[in-house]
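Visitor: Next come the chains, spelled out residue by residue.
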Amino acid sequence: DQQVKQNSPSLSVQEGRISILNCDYTNSMFDYFLWYKKYPAEGPTFLISISSIKDKNEDGRFTVFLNKSAKHLSLHIVPSQPGDSAVYFCAAFNQAGTALIFGKGTTLSVSS
Amino acid sequence: EPEVTQTPSHQVTQMGQEVILRCVPISNHLYFYWYRQILGQKVEFLVSFYNNEISEKSEIFDDQFSVERPDGSNFTLKIRSTKLEDSAMYFCASRGGGLEKLFFGSGTQLSVL
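Line by line, the protein sequences are chains A and B.
Numbered per the working numbering, the first sequence spans residues 1 to 112.
Numbered per the working numbering, the second sequence spans residues 1 to 113.
Because the hints were derived from the structure by calculation, they are not lab data.
Each residue gets a CB set at the ideal place from its N, CA and C atoms; glycine is no exception.
Any given hint could turn out to be false.
Unchecked claim - Heads up, incomplete: computed chain B residues facing chain A, CB under 10 Å, no partners named: (1) PRO8; (2) SER9; (3) GLN11; (4) LYS42; (5) VAL43; (6) SER55; (7) LYS57; (8) ASP62; (9) PHE91; (10) CYS92; (11) ARG95; (12) LYS101; (13) LEU102; (14) SER106; (15) GLN109; (16) LEU113.
Said to hold, decoys possible - Each computed SDA-like pair below joins lysine to any residue, with the alpha-carbon atoms no more than 20 Å apart: (17) LYS42(B) <-> GLN2(A); (18) LYS104(A) <-> ILE60(B); (19) LYS42(B) <-> SER51(A).
Construct the complete structure from the given sequences, taking the supplied hints into account.
Guide: What follows is the structure, encoded as structure tokens:
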């Protein structure tokens, strides 16, 4: 069963607008979440993370929000740029910290 | 920035053959991982390795798979008898001591014919 869910396979936005990518998780014991960006034929690249003791973390154009009660997190990209076009994966460490579990990914397309 | 290095970038093999995928993690990292991604699908966890033993493995990581850290720098994934369904991109990753981000290599594309 999927412990980390990204229900939107794709998202299209215009350059300069906000991109919002969503992620849900099922295990309330997860307490550290990460977003990765991936281009074809390359490895995932770390973007931003958030610990469960926070509800927001910001790094430049990227902000991650965590709603623990809803078991939901989101990644906001403002403003979106064409170079942001990639697959974005939400991931969570399992309770023991021995595995990072990925969602299925959302393909973001930013048009100029 | 330090990198995780994987070799080869592409590997073609015949069904039933053994393959070894190689990785050089970042030098002061302690935790090592293998993941795979079948074309167009999710990045799937295979195995994690710490202190010279497996910490966790997924149901994909059956008896056909093994991992080894033969020296202080390399981390390998062996598939003993490859199947067609083993065709995928295999990623190695590593991290330091705390619960922190994983650094991924650029992957080995394995094609089983």
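Visitor: With reference to the structure, classify each hint as holding or not holding.
Guide: Hint by hint, here is what the structure shows:
Annotation: interface hint on PRO8(B) violated; nearest CB of chain A at approximately 14 Å, more than 10 Å. A cut of 10 Å between beta carbons decides the hint on SER9(B): the least distance to chain A is about 9 Å, and the hint holds. Nearest Cβ of chain A to the Cβ of GLN11(B): about 14 Å, over the 10 Å cut. The hint is violated. Taking 10 Å as the C-beta contact cut-off toward chain A, the hint placing LYS42(B) at the interface holds, the least distance being around 4 Å.
At about 4 Å, the closest approach between the beta carbon of VAL43(B) and any beta carbon in chain A falls short of 10 Å, and the interface hint on this residue holds. Because the smallest distance between the Cβ of SER55(B) and any Cβ of chain A comes to about 4 Å, under 10 Å, the interface hint for this residue holds. Annotation: interface hint on LYS57(B) holds; nearest CB of chain A at approximately 9 Å, less than 10 Å. The closest approach between the C-beta of ASP62(B) and any C-beta of chain A is roughly 16 Å, which is over the 10 Å cut-off, so the hint fails.
The beta carbon of PHE91(B) comes within 5 Å of a beta carbon in chain A, closer than 10 Å, and the hint placing it at the interface holds. Because the closest C-beta pair between CYS92(B) and chain A is about 8 Å apart, less than 10 Å, the hint holds. For ARG95(B), the interface hint holds, since its Cβ comes within 10 Å of a Cβ in chain A; the closest pair sits about 9 Å apart. Against a cut-off of 10 Å between C-beta atoms, the interface hint on LYS101(B) holds, since the closest Cβ of chain A lies about 4 Å away.
With its C-beta approaching chain A no nearer than about 6 Å, LEU102(B) sits inside the 10 Å limit, and its interface hint holds. Checking SER106(B) against chain A by beta carbon gives a least distance of about 5 Å; that is within 10 Å, so the hint holds. Because the beta carbon of GLN109(B) sits about 7 Å from the nearest beta carbon in chain A, less than 10 Å, this interface hint is met. For LEU113(B), the interface hint is violated, the least distance from its beta-carbon to any beta-carbon of chain A being 20 Å, above 10 Å.
A C-alpha spacing of about 11 Å is found between LYS42(B) and GLN2(A), which places the hinted pair at or below 20 Å, so the restraint holds. Of the supplied pair hints, the one linking LYS104(A) and ILE60(B) holds, its CA atoms being roughly 17 Å apart against a limit of 20 Å. Note on LYS42(B) and SER51(A): the hinted pairing is violated, with a Cα-Cα distance of about 23 Å set against a maximum of 20 Å.
Violated hints, listed in ascending order, are 1, 3, 8, 16, 19; each of the other numbered hints is respected by the structure.
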